[in-house]
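Numbering-wise, the sequence shown is residues 1 to 883 according to full-length UniProt numbering.
A hint or two may mislead.
As the list claims (entries may be wrong) - Derived DSBU-like pairs (lysine-lysine); straight-line CA-CA distance at most 35 Å: (1) K377 to K852; (2) K744 to K756; (3) K336 to K228; (4) K756 to K852.
What the hints assert, rightly or not - Label pairs and their in silico Cβ distance ranges: (5) K303 to E496: 25 to 33 Å; (6) S720 to I337: 13 to 21 Å; (7) N189 to R146: 16 to 24 Å; (8) K390 to G320: 35 to 43 Å; (9) I663 to K282: 42 to 50 Å; (10) A251 to K12: 38 to 46 Å; (11) K117 to S777: 42 to 50 Å; (12) I46 to E134: 23 to 31 Å; (13) Q824 to N197: 26 to 34 Å.
Since the hints were derived computationally from the structure, they do not count as laboratory data.
Cβ atoms here follow ideal geometry from the backbone N, Cα and C, with glycine treated the same way.
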Amino acid sequence: MFNFFSYKPLKKYSQTIKRINYFYEKIKKYDDLSLRKQTQKLKNSIKEKDISLNELLPEAFATAKEAIKRATGLTLFDVQVLGGIILHNGNIAEMKTGEGKTIVAILPAYLNALTNKGIHIITVNDYLANRDSELATKVFNYLNLRVGLITPNIHYMDRKKQYECDITYITNSELGFDYLRDNMSIEKNEIVQRKFNYAIIDEVDSILIDEARTPLIISGATEINSSKYLKAEKVSEQLLNKLDYEVDEKAKNIILTEEGIVKCESFFNIKNLYNINNEWIKYIINALKAKELFLQNREYIIKNDEIVIVDEFTGRIMEGRRWSDGLHQAIEAKEKIDIQSENKTLAAITYQNLFLLYKKLSGMTGTAKTEEAEFSKIYKLQVIEVPTNKECKRKDLSDLVYKSEYSKWKAIANECFDMYRIGRPTLIGTTSIEKSELLATILDKLDIQYNLLNAKPENLTKEAKIITQAGQRYKITISTNMAGRGTDIILGGNPEIISKIIIKSYIVKEYNINKKNFEYKNEDIYKSDNINELLKQINISFLKKNILIQHIDKHIENIFNNKEISNLKNNEENKKLYNTYQEILNQYKKICENERNNVLKLGGLYVIGTERHESRRIDNQLRGRSGRQGDKGSSRFFLSLQDNLFRVFGGEKIEKLMDTLSIDNDTPIESIILSQSLNSAQKKVESYFYDIRKQLFEYDEVINNQRQAIYTERQKILESLFTRDCIIEYGENTIEEMLIIYNKHNKSQKKETLEKIFKLLNISNYFYINELIEMNSIEIQFFLYEQFRITYDLRESYLEHIRPGLLRKLEKYYLLQQIDQAWQEHLEKMSLLKEYIGWRSYGQQDPLIEYKNEAFNLFINMVTSIRQTVIYLVMRSRLIINT
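Please put together the full structure from these sequences, using the hints given.
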């Protein structure tokens, strides 16, 4: 009764779920061929009978449900089917960790793929895109549909093929960059994407909320001036915090004091640091940000003598990404690394406007309810909670708050020691690499064995193995943020992955394979004599003879998955390895089940949070690692008054209270009021960042309308076989615009204006000018139109005589070149406009309205400039033809 609202969606769709199960009972009796024919049958229903997708939903979902059963052996629960219905209806399905979100996406993807318009399933990283596409391929092989996968390094022709598949798996960044590249292409066949139809976003909160703070930018290198960054870095070392500058941690900004300004002016020998012609202030502020706000092993790591950004939400490294506006160069100067050139924006789009291009959008995550208002206002998406298949038994214990950070880490270490002693698996979530390594050092002193998972490359390679073992007894796992890891922590261990690790580590040892692909040492996880005997049956010497060493790992995976066995050489040996794997897997299923029961007796997985994150969602994602599928579990956060959240959002009152009550450093406060105040602080942070994203969206909405206009025009030119009409239109528009100026002038100025028009349009009949001045504006307009067309016809016949088709190529080249060049310059102007428009508020003007007005004027000027430049180039450019 008390969970009525949680279960309301289930009640609403109960009839639909009954119909799905009715069809499922019929379809599960089909043979594989009949199941494959279902897809064509359903497609024909749409084409010939004009049946809507909603009417087809029960039969299509039942078909996909049976394909999932045959491909994976899993039968979907009703709550998973409910999740699929919610996704099809263009909503966000909030499904807790371990409820099988990945497989749920297959249901609406199949139904919507029947329209042949393409479906995108978007994930947060390449690992998940690769893993999920492999699972989907197994399922859709039964349904005669093609699954595509976009990875960073594939050629554009291969990308095109992947996008043409029925369902395409892709990361959010690859999708955005492909969209921007398509709108920068100079040939029609270079465009890889189809029109955006329907997208299902995995970890939707991570992509549409966390990633939405920064736009996607395609950049081109500009000239570098490293000396300015080095000088700014030198002055930043001499400036003192609180005396020369103040750090605003909340806004992540630096404000120079009067003393700091005087020091900087003295250092650079300048009179006014804020003079419009002086650019030093930008370099100084970036150097101070690099010094105070961007720290190694927190915001970035150094890898191969390069600064690599660490994603604050997922704890993963972001290869190839760079901070903009000179910040990355300032950090390179601080770390004494070669300074790379600054980038110039060639094209940009925010995630908000990218995803709003889809006709239908949906998403799934374990934590979206806290950002419900933002999803509704910006994306028009409703968040619907899907009840868990089994009741969640996890206990979320109240926070423990210590006076000092030292006491907090000591308490965490003691808690880990206690858990290790009794054998209870424990996952500790930290907010940075630095903190994860600090705890690792403490546990080393206590002689506690642990696994460390953070953005350092040496740890990332072992990620799957670490997560697999995290649910076993006596396992202590330290990890940076757990969002988007994509791998569930299974109590007792994951038998499939353990079996693969055991076999691969045996192969590495027995055959002395020392390759990067094999990141396996000799493992003894639950190994028994029986398993040792089975391992001795393995022989891969044939693989060493017939396959390149670096491809062995992939081929062994194919054998494990019973894939391509018949195509590989020495088929008997392949079958033998596959059968051995199956036997070992069966053994581990029993071992892991027994181990799982032992872990449950200890209370299940224990999750420790070492700091509250800026967003409640990230905390909930960490908690959600425990208590999956009705398992027991518990979670607790250990905090200190020196944590960022307390420092930035006011921990002084609590500190005074602790002093008043004479509470010592080692005694924690545990109270509901304190937890509520923390939640309140997090809400303030969430609200603050929502305002940033909202402002970014509102400002980008202005440029988005301009972007759509420019990209539509570009598309029209790319697809046009006869660009002459476009040039004629540009010419006539140019004549109209110049005649508006002409009509405002007196007689002497009119003659000068007409001469300019004649010169621009390359019209040689100057003796008409005196007669034209006596005509009215309509007559002049038609005369100029006629003269322009005659002149253009003459130029065309001349160029066609030199080389047939030359003018058409010139037209397209000049049109695209000028649009791209003008758009890039326009983006720079818009960026500068956005920076200084805020000052208008001091004049009692709304900055957003002023920005819209100024942006409109800039856009009109850009369009006018494009037209005039293209006409000038086409009409007056001199061509040198090599014969």
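Verification of the supplied hints:
1. With a C-alpha separation of about 21 Å, the suggested pairing of K377 with K852 holds against the 35 Å cut-off.
2. Distance restraint check for K744 and K756: the Cα-Cα separation of roughly 15 Å lies within the 35 Å cut-off, and the hinted pair is therefore satisfied.
3. Taken as a hint, the K336 and K228 pair is honoured in the structure, with Cα atoms around 14 Å apart against an allowance of 35 Å.
4. Between K756 and K852 the alpha-carbon distance is near 32 Å, which keeps this suggested pair within the 35 Å criterion.
5. Restraint check, K303 to E496: a C-beta distance of roughly 31 Å satisfies the suggested window 25 to 33 Å.
6. Between S720 and I337 the CB atoms are about 48 Å apart, so this pair departs from the stated range of 13 to 21 Å.
7. Taking 16 to 24 Å as the suggested C-beta distance range, the pair N189 and R146 conforms, at roughly 21 Å.
8. Checking the proposed 35 to 43 Å range against K390 and G320 shows it holds: the Cβ atoms sit about 41 Å from each other.
9. Look at I663 against K282: about 46 Å separates their beta carbons, and that is inside 42 to 50 Å.
10. For the pair A251 and K12, the supplied restraint of 38 to 46 Å holds, since their beta-carbon distance comes to about 43 Å.
11. Distance hint check for K117 and S777: the Cβ-Cβ separation is about 49 Å, which falls inside the suggested range of 42 to 50 Å.
12. Between I46 and E134, the C-beta spacing of about 28 Å keeps the proposed range 23 to 31 Å intact.
13. Distance hint check for Q824 and N197: the Cβ-Cβ separation is about 30 Å, which falls inside the suggested range of 26 to 34 Å.
Checked against the numbered hints listed earlier, the structure breaks hint 6 alone; every other hint is satisfied.
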